[in-house]
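The hints should help you fit chain B onto chain Y, whose structure is shown.
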Amino acid sequence: MKTLKKESILHLMLLPGVIVTLIYAYGPMAGLIMAFQNFEPLSGFFKSEFVGWDNFKYVFELPDFTQVLWNTIIIAICKMVLFLLVPLILALLLNEITKQWFSRVIQSAIFLPFFLSWTILGGVIIELFSLNGPVNGVIESLGMEPIMFMLNNSWFRGIVIGSDVWKGMGYNMIVMLAAITGINSTLYEAAEVDGAGRWKQMLNITLPGMMPILVLLGVLSLGGILNAGFEQILIMYNPTVYQGGDIIDTFVYRLGMFSMQFGPAAAIGLFKSVVSLIMVSATYYLAYKYNDYRIF
Amino acid sequence: MHKSTISRKIFVFGNALLLTIITLLGIIPFIHLAAISLSSNTAAMAGEVSLWPVGFNLDAYRYLGQKVEFFRSLGVSVERVVLGTAINMLLVFITAYPLSKSNDQFKFRTPYVWFFAVTMFFSGGLIPSYIIVKNTGLIDSIWALILPGALSVWNMVLMLNFFRGIPRELDEAATIDGAGQWRVLWRIYLPVSLPSIATIGLFTIVGHWNAWFDGILYLNSPAKYPLQTYLSTLIMAINSQMTSISIEQLKAMENLSEKTLRTAQIFMGALPIMVVYPFLQKYFVKGMTVGSVKE
Chain Y
1 MKTLKKESIL
11 HLMLLPGVIV
21 TLIYAYGPMA
31 GLIMAFQNFE
41 PLSGFFKSEF
51 VGWDNFKYVF
61 ELPDFTQVLW
71 NTIIIAICKM
81 VLFLLVPLIL
91 ALLLNEITKQ
101 WFSRVIQSAI
111 FLPFFLSWTI
121 LGGVIIELFS
131 LNGPVNGVIE
141 SLGMEPIMFM
151 LNNSWFRGIV
161 IGSDVWKGMG
171 YNMIVMLAAI
181 TGINSTLYEA
191 AEVDGAGRWK
201 QMLNITLPGM
211 MPILVLLGVL
221 SLGGILNAGF
231 EQILIMYNPT
241 VYQGGDIIDT
251 FVYRLGMFSM
261 QFGPAAAIGL
271 FKSVVSLIMV
281 SATYYLAYKY
291 NDYRIF
Chain B
1 MHKSTISRKI
11 FVFGNALLLT
21 IITLLGIIPF
31 IHLAAISLSS
41 NTAAMAGEVS
51 LWPVGFNLDA
61 YRYLGQKVEF
71 FRSLGVSVER
81 VVLGTAINML
91 LVFITAYPLS
101 KSNDQFKFRT
111 PYVWFFAVTM
121 FFSGGLIPSY
131 IIVKNTGLID
141 SIWALILPGA
151 LSVWNMVLML
161 NFFRGIPREL
171 DEAATIDGAG
181 QWRVLWRIYL
191 PVSLPSIATI
201 GLFTIVGHWN
211 AWFDGILYLN
221 SPAKYPLQTY
231 LSTLIMAINS
241 QMTSISIEQL
251 KAMENLSEKT
261 LRTAQIFMGA
271 LPIMVVYPFL
281 QKYFVKGMTV
291 GSVKE
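So the sequence lines, in the order shown, correspond to chains Y and B.
Read in order, the letters of the first sequence correspond to residues 1 to 296 in UniProt numbering.
Read in order, the letters of the second sequence correspond to residues 1 to 295 in UniProt numbering.
Here chain Y stands alone, though its shape is the one from the complex:
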């Protein structure tokens, strides 16, 4: 009887969280039923007409959709690879800096953009790469033609990828630095006695020592294969660069919120969620198997 009372308090504590999650996380999941409906906002989920897989057929046959899917995957993969490589190189280089204060200053500066919103950073990037901006200023002073970066499909994609790496590289760098600090220092002492230089030490001790965290970060990032950066692209793009920069999320946003095609938009959203779920499950299984990684 006493345990029952004790546990009922625990249930009570969970109640607010359960209610909020039920409405705002499970509610939308149930709402995905509209992906199979000819959804009318006035009729709602219960009275809208069911159309089976028609919305999916309609969406996959849209001429833009293949391009959008391709953009999403290519941008996401480039970001994943660079998000491992760039911070790794930075962490290795930073590890060679012996002066503490210098290392601290560098870390702070690299980490700063991570804490600013895409609104701020988008504004900064657009200003930097505008026709009258400093990047074109340098290009013109070298005697070349200015480039309309934000209106050029291939440049735009590069800027999206580059600026996201710029924003996020501090995060992975700190995680990797922590991994380097965790490597047993006697290994280095032994290597030095054996006559290994700094380069050899990095190759034979630091890199292998970081493998677990590199594999973990890499594997976990696979779950985001269809996340190419919604807020970033939404703030930076314009109709001219839809061809190279439009991704699933921005496409869904326009299709649903501006064209009012709720059913088809929800269908793409469902497609994306299912693909993500499969990727996440697979990668968590891999992370668990090879790295014994669990979130709870």
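Heads up, some of the hints might be wrong.
Listed below are several chain Y residues computed to face chain B (Cβ distance under 8 angstroms; list not exhaustive) [to be verified]: (1) 16; (2) 20; (3) 110; (4) 115; (5) 116; (6) 127.
Because the hints were derived from the structure by calculation, they are not lab data.
Note that beta-carbon positions come from the ideal geometry of N, C-alpha and C, so glycine has one too.
This is chain B only, laid out in the frame that chain Y set:
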């Protein structure tokens, strides 16, 4: 202890130089932004400003001081941060506590954990979420920015893992002394977990301050926009004007915009974070490594 060979010296120098350049790349864009906002509008439009103001003046900031939209949205942002962070932290705290109990202390732990965990892996997506927020009557209210994300499951997991590190004897002793669960939570767990709460709280504050898209999605009246949402409308306004036009047209268009005022507003939007950031950085770093490196 390292041998100072010539090649080592070259490397050390080159490395320091490279990292200095990368460091500057992290800061220069913001110095440039500040310089533009302090320049004369003509110099800013002509692209003459690099890292130092040209035709120094405070006109943009003087004008900004009278800009109602800016201060109104700033007020909304402050309201959102205070209200949102308080609710987020309370929910994270009281939800993580029962789930941190072992299975023999709390029989229903596992089903609850799964109930929350599922939402990290699968979501309804943008359109159904919008419909639900609309159906619950939150559209155009500040609650639309707070309630849908009121419980961050990820932060709850971080908190939960921290709670599990607290020695079980501590709450057993308190229970024997007659303390109920609430008392254990507030009198024992709360004081012990202050560092953890500070870290998660800081991330939550920054998250609320930086969020802008939910404002665009859920708020109809610009008068209710938080600062970042208001700023995003300024930036997207430039974007929507850009289409396939000639270089001359684009130059003319860029020159028409109130560039110094726009940059002043963006800079002011970034300033709070840039000012507090150096003091808070160590907490962020600690919280991150706790969250991402397994024990």
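(Q) Please list, smallest to largest, the hint numbers that this structure does not respect. (A) When the structure is compared with the hints, none of them turns out to be violated.
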